[in-house]
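Trainee: Protein chains in written order, with the working numbering: chain R, 6 to 323; chain S, 6 to 323.
Be aware that a few hints might be false.
What the hints assert, rightly or not - Examples of chain S residues lying across from chain R (beta carbon under 10 Å, computed):
no., residue
1, G234
2, C242
3, Y313
4, M320
5, L322
Stated by the list, open to error - Once the Cα atoms are required to be at most 20 Å apart in a straight line, the calculated SDA-like pairs of lysine to any residue come out as:
no., chain 1, residue 1, chain 2, residue 2
6, S, K106, S, A128
7, S, K275, R, Q274
8, R, K223, S, E182
9, R, K125, R, A146
10, S, K223, R, Q183
11, S, K257, R, R307
12, R, K255, S, R314
13, R, K304, S, E266
14, R, K267, S, E305
15, R, K78, R, P104
16, R, K267, S, M281
17, S, K252, R, Q274
18, S, K257, R, M320
19, S, K223, R, K255
20, S, K257, S, R35
21, S, K252, R, F180
22, R, K223, R, F180
23, S, K193, S, D154
It should be emphasised that the hints constitute simulated quantities derived from the structure, not laboratory data.
A quick note: this is a predicted structure, and the numbers were derived from the prediction, not measured.
Every residue, glycine too, gets a C-beta built ideally from N, C-alpha and C.
2 protein chains.
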Amino acid sequence: MYRPEIKVLDCTIRDGGLINEHLFEDKFVRAVYEAVSASGVDYIELGYRASKKYFSADKFGKAKFCEEDFLRKVIDGVESNTKLSVMVDIGRVEPEDIPLKKDSVVSLMRVACYVKDIDKAIALVKRCADKGYETTVNIMAISTALMPDLEEGLSQLAECPLKAVYIVDSYGALFSEQIHFLVQQYAKYLKPKGIEVGIHCHNNQQLGFANTIEAIRKGANFMDATIYGIGRAAGNCPLELLLAFLKNPKFKLDPILDIIEKEFIPLRQKIEWGYMIPDMICGILNQHPRSAIALRSGKEKRSYSEFYRNLRNDMELA
Amino acid sequence: MYRPEIKVLDCTIRDGGLINEHLFEDKFVRAVYEAVSASGVDYIELGYRASKKYFSADKFGKAKFCEEDFLRKVIDGVESNTKLSVMVDIGRVEPEDIPLKKDSVVSLMRVACYVKDIDKAIALVKRCADKGYETTVNIMAISTALMPDLEEGLSQLAECPLKAVYIVDSYGALFSEQIHFLVQQYAKYLKPKGIEVGIHCHNNQQLGFANTIEAIRKGANFMDATIYGIGRAAGNCPLELLLAFLKNPKFKLDPILDIIEKEFIPLRQKIEWGYMIPDMICGILNQHPRSAIALRSGKEKRSYSEFYRNLRNDMELA
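Please model the entire structure based on the sequences and the hints provided.
Mentor: This is the structure in structure tokens:
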């Protein structure tokens, strides 16, 4: 699948950091930056730009805040054409803390929100765009969105200074025909305005890579992936699979294979992600992963089948 | 996806046994049979019927031979509507060793072959059908088949007493559009004769489940899966995901979740299967998994990226 418009964004550090409060060592973050740069990937997201007013720097790693000095240290001296991205969550950042683009190494600000918060996202997008950044909006938990709300939101987003708007299957609940439908809905509103459709998949049902491909087939041009699929709970679309699928000669697989062997196989022994039954159960029931994470952490003591029964019972209505 | 014609075949023991020479304990095989029976799955494949002339009973477990006394012991006293299947490989079984159906607990004989051996498969199918069994043919390594050969084979198979003919993506190399194409090719020859299309996927690119679904969407009605995706190298389509996707009320997920927790999580600590980079590399290059298995066993000493480079070099032509 060679389509020059396709942009790949690696969010290894940002999404992987949700497992460990972003407590990665600086040299690990730099190694990821080096590998992703060498692979020719278009963007790398090095974390969140969260405000220290809301999150303690004692508890969270530097990638939670992505201050300029941290980012500059990560990238210093590395040959790279990969643009830097950071994610901003509605209500977790003070817009006035975001520097002007001319004073920052960041190129892309990605605003994450739920459908209900699209108005707030638009306000933040405008602030970021005014400061000179590229911007996207990532609509999370899309498998719970009601279509009239989503369509209203997309029609508003179509009027914004955006590179892309993402389908984010936070719960890993969607199948290919739902992905096809959503890409087409997004494209209807966005493509006429020159805004691309993006896709970010979770792997609860081992469909992260498959659904990313299906989105590409239907015209999505911005895709998220992470090295070895790292990411909260079931993880994400693996970057190595995506690069192997895309035939664009600018992408190199070798640097990603090397860093998987050197850094990610050992890391996987220390922190947990990937296909696991509690998260699979949340995926098939279209539920937030929090209860699965609690079960795996040992905070809940239930067998898999009890967990499955309880989650279904919790969903029952009077 | 509720379609009453859909039949699910669990091949946990047969394909999983390729990792460990079928050296499963009897009580493990029985536990799998109990769980699969309780889940309402249509068929369970308990191994191969190989001849002891070709394989040593000292080296291989009982599921390699599936003699009647072994099978009877496994199923004795278990309440079940699940039919028994065994696989027979061309040239590894003596047809005269196969008892008459009336003297056997087996319902289904699955003949595995490559495209080039379809004539031999047909001869074996006829022997098995004459003895009273249901039969299928599983065409392995389908991602290497040449279309005229495959079409000739399918046209011959259409004249045989078969329940189904399977697409077997042995190398885990196919994407959805290739699956769609193959299902339609198979169906063109087989459906008019009342023979179903089957699908058996490997998970090298994390597409085992996704491709199984895609085959279902295009009309395949026989699908293979294994508990927790167990199977040689990258493993197979996970049964738990398939049952959750199929909305047929006859299927129960709970017994599969229970046995995963009790037997398969501990087993995975002892023997290796699932998404692993060497096997992923074989998948993206459409190659037999043997070199990946050698790498993982430590018989080859190469880094992932060296392995990738070497495999590509080996494929180069003069």
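Trainee: For each hint given before, does the structure comply? Return the numbers of the non-compliant ones in rising order.
Mentor: 4, 5, 17, 19
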